[in-house]
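As given, the protein sequences belong to chains Z and U, one line each in that order. If you use our numbering, the first sequence corresponds to residues 1 to 341, in order. If you use our numbering, the second sequence corresponds to residues 1 to 187, in order.
Note that these hints are calculated values from the structure, not bench results. Keep in mind that this is a model prediction, so the values were computed, not measured. Glycine included, every Cβ here is placed at the ideal spot set by N, Cα and C. Worth double-checking, as some hints may not be accurate.
[Stated by the list, open to error] Listed below are the simulated SDA-like cross-link pairs for lysine to any residue, each with C-alpha atoms no more than 20 Å apart in a straight line:
#	chain 1	residue 1	chain 2	residue 2
1	Z	K154	U	N92
2	U	K158	U	A22
3	Z	K41	U	M122
[To be verified] Simulated restraints on C-beta separations:
#	chain 1	residue 1	chain 2	residue 2	range
4	U	G102	Z	K41	18 to 24 Å
5	Z	K287	U	E32	53 to 59 Å
6	Z	P296	U	E98	36 to 42 Å
7	U	R130	Z	E33	15 to 21 Å
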Amino acid sequence: MEKPFRRWDLLGIRTLSAAEINGILDTAENFREIDTREIKKVPALRGKTVSNLLFENSTRTRTSFELAAKRLSADAVNISVSSSSVSKGETLLDTALNLDAMQPDCIVVRHSSAGVPHQLARVSKAAIINAGDGANEHPTQALLDAMTIREHKKKIEGLNVAIIGDIIHSRVARSNIHLLTKLGAKVKVAGPGTLVPKDLEHLISQNHLRERVGSATDGEQQNPPGNAGGSGLLTVCGHVEDAIRGADVVMILRIQRERQDSAYFPTLREYAIHYGLTNDRLGLAKKDVIVLHPGPMNRGIEISSEVADSSRSLILDQVKYGVTVRMAVLYLATGGAVVRL
Amino acid sequence: MADESTLVEKSRIMDSARIKRAISRLASEIVEENHGAKDLYIVGIRRRGVPLAERIVDKIETLEGVRPIYGIIDITLYRDDLSTVGANPIVNRTELNEDVDGKIVVLVDDVLYTGRTIRAAMDQLMDFGRPRKVQLAVLIDRGREHRELPIQADFIGKVVPTKQTEIIRVMLKEYDNVEAVGIFERP
Numbered sequence: 001m002e003k004p005f006r007r008w009d010l011l012g013i014r015t016l017s018a019a020e021i022n023g024i025l026d027t028a029e030n031f032r033e034i035d036t037r038e039i040k041k042v043p044a045l046r047g048k049t050v051s052n053l054l055f056e057n058s059t060r061t062r063t064s065f066e067l068a069a070k071r072l073s074a075d076a077v078n079i080s081v082s083s084s085s086v087s088k089g090e091t092l093l094d095t096a097l098n099l100d101a102m103q104p105d106c107i108v109v110r111h112s113s114a115g116v117p118h119q120l121a122r123v124s125k126a127a128i129i130n131a132g133d134g135a136n137e138h139p140t141q142a143l144l145d146a147m148t149i150r151e152h153k154k155k156i157e158g159l160n161v162a163i164i165g166d167i168i169h170s171r172v173a174r175s176n177i178h179l180l181t182k183l184g185a186k187v188k189v190a191g192p193g194t195l196v197p198k199d200l201e202h203l204i205s206q207n208h209l210r211e212r213v214g215s216a217t218d219g220e221q222q223n224p225p226g227n228a229g230g231s232g233l234l235t236v237c238g239h240v241e242d243a244i245r246g247a248d249v250v251m252i253l254r255i256q257r258e259r260q261d262s263a264y265f266p267t268l269r270e271y272a273i274h275y276g277l278t279n280d281r282l283g284l285a286k287k288d289v290i291v292l293h294p295g296p297m298n299r300g301i302e303i304s305s306e307v308a309d310s311s312r313s314l315i316l317d318q319v320k321y322g323v324t325v326r327m328a329v330l331y332l333a334t335g336g337a338v339v340r341l
Numbered sequence: 001m002a003d004e005s006t007l008v009e010k011s012r013i014m015d016s017a018r019i020k021r022a023i024s025r026l027a028s029e030i031v032e033e034n035h036g037a038k039d040l041y042i043v044g045i046r047r048r049g050v051p052l053a054e055r056i057v058d059k060i061e062t063l064e065g066v067r068p069i070y071g072i073i074d075i076t077l078y079r080d081d082l083s084t085v086g087a088n089p090i091v092n093r094t095e096l097n098e099d100v101d102g103k104i105v106v107l108v109d110d111v112l113y114t115g116r117t118i119r120a121a122m123d124q125l126m127d128f129g130r131p132r133k134v135q136l137a138v139l140i141d142r143g144r145e146h147r148e149l150p151i152q153a154d155f156i157g158k159v160v161p162t163k164q165t166e167i168i169r170v171m172l173k174e175y176d177n178v179e180a181v182g183i184f185e186r187p
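The whole structure should be built from the sequences, with the hints applied where relevant.
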């Protein structure tokens, strides 16, 4: 029987074992059927409260978490920065304690600074789910990407995955690199030299450091040190073409237009020419390649419209599975369950 | 269920042949009661209701020459003790691919005890539509005195009066190494 834990936080992929990741994905797989019902609602989390605490704007992630909570019959409230007391000068800690006093069972948090969810997890009684913290992690995005890949490729181990774009600022890239290498995929990253850290390998060589806040893991350590780290699963490529060649999956990152002023690359047009995913570049990948993008996409910049609208692009599947994965995460988190196989 | 290794088998009430006969009889009773296999929708409740339902479907097919619709229900998300069991149990998939509207749904489970599992299954079933009728078939009925809800079975393999301290285990080759039904007790 499962040990009853007080709660289960999802702060990042880095601290999860491969078995735990597969456990979440398997649970999500079983939630998929609910989205196809006429009445898309089950009573599992009746009476539980999920607070979406969003310090950064995000219609998609917020809606996705909100729908996930509602499909499980939980009550979902959204607290966005513009309408909260944060803009009146309240500290993060005070906001968290006030929120906690209202007894939510789960807080979904997104913040522009890395580590905010971890800090909340230390003070809050509720389960904390990281919905994106600075350039650190965005675990549910990586999980929904993995679910999309699993659906189309039936596995993750051994796949060649190219991640293209602004790696340095991307929490999506970071969470995906952790997840994919833990599950045994070969990841190649590429992008402008200014936006791809050369020493990225150290990222996964620290995979085995398991620091989990307020949670236990049955003492198991499914991912022994060195399993992913340093085993050649992650490669930094000098050219986009090298990353895409022979790929089963191409993951395109959004170019954050707001960074254009910081002179990481000369112009958006130049970015499109050198790094944008066009049909020609995609031709280097395997015939049955699939294309993922976390959205919102800049058509004609990081991805051409012909690719975005082609059958190889699974961008809308990603959005669909986003709700399913978040249902599974909310179910596991509020039940305080440890992921078991 | 309690840790299975610590349980002691007190008596064996069914062997493989008796289980087979009971399933045959359940299948005949279901088609007799419903005047054939038309509109029949046999739904197994996870886990051990599923292989039982499959066998009933096979049997009805040989009796009537028509294969009834078949589905699976996982009641985890509809349990009434989710907030008290501690860790949330593993969720498995519900597979009701055919429309339940207007059908005669026969829920199939291994053991009828408190009736709470059946309540959860019926709640879930109603979220899928409006069956014309819902009936219940079980291999073992532990007796009305254990019921915590007003739920009774329409088709029963065997009534086995038990004490609350006793545990009935239906063992099927799909999940266990043997085919048998036994009464177990904690030592």
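Hint check results:
1. Simply put, K154/Z and N92/U have alpha-carbon atoms about 19 Å apart, close enough for the 20 Å limit, and the pair holds.
2. As the CA atoms of K158/U and A22/U are separated by approximately 8 Å, the hinted pair is consistent with the 20 Å bound.
3. As the CA atoms of K41/Z and M122/U are separated by approximately 15 Å, the hinted pair is consistent with the 20 Å bound.
4. Distance hint check for G102/U and K41/Z: the Cβ-Cβ separation is about 22 Å, which falls inside the suggested range of 18 to 24 Å.
5. Take K287/Z and E32/U: their Cβ atoms lie about 57 Å apart, and the range 53 to 59 Å holds.
6. Remark: the range hint 36 to 42 Å for P296/Z to E98/U is upheld by a beta-carbon distance near 39 Å.
7. Look at R130/U against E33/Z: about 19 Å separates their beta carbons, and that is inside 15 to 21 Å.
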